[in-house]
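Novice: Basically our numbering = 1-based index in the sequence shown + 57.
Please keep in mind that the hints were generated in silico from the structure rather than gathered at the bench. Each hint should be verified, as a subset may be incorrect.
Below, computed lysine-lysine pairings styled on DSSO-like, alpha-carbon distance capped at 27 Å [said to hold, decoys possible]: (1) K104 <-> K144; (2) K111 <-> K139; (3) K120 <-> K153; (4) K138 <-> K153; (5) K144 <-> K101; (6) K139 <-> K153; (7) K111 <-> K144; (8) K101 <-> K153; (9) K146 <-> K101; (10) K101 <-> K111; (11) K153 <-> K113; (12) K120 <-> K138; (13) K113 <-> K74; (14) K101 <-> K74; (15) K138 <-> K74; (16) K74 <-> K104; (17) K138 <-> K115; (18) K104 <-> K146; (19) K144 <-> K115.
Have a look at the derived ranges for each label pair, beta carbon to beta carbon [to be verified]: (20) K111 <-> T76: 19 to 25 Å; (21) T76 <-> K101: 20 to 26 Å; (22) E103 <-> E154: 29 to 35 Å; (23) K67 <-> K104: 18 to 24 Å; (24) M58 <-> D150: 18 to 24 Å; (25) S80 <-> F108: 21 to 27 Å; (26) F108 <-> K67: 35 to 41 Å; (27) T62 <-> D109: 20 to 26 Å.
Positions of the beta carbon are idealized from the N, C-alpha and C atoms, including for glycine.
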Amino acid sequence: MVDITPAFTKAQEESKKLTSKPSNEELLELYGLFKVGNGEDFSKAEKPGMFDLKGKYKYQAWKDLVEEGVTPEAAQERYVKKVEELKNKYGFDANKEPEAVKS
């Protein structure tokens, strides 16, 4: 089991309070770092179907980090840094109500 740091948990909440939406590439990077940072087992992930393009990109972002050998601890650190970068780039509103996540 992976120890989740308070900074990682805080960054997850803060990522939902950006005032503008990051690029798809940035969102995919966050997704991969989130999955690795939580210690989720990539080997048990179901490969997306042929027509699930969004799922394929998310799967690939996760797979790339696993193949790089990124540890959960390193992924958490990178996730926190990325959220800080995005807060500076896109703006941040601590009082913003997070939007519902679409699948």
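Novice: Tell me the numbers of any earlier hints that the structure contravenes, in ascending order.
Specialist: 1, 3, 5, 8, 9, 11, 14, 16, 18, 21, 23, 24, 27
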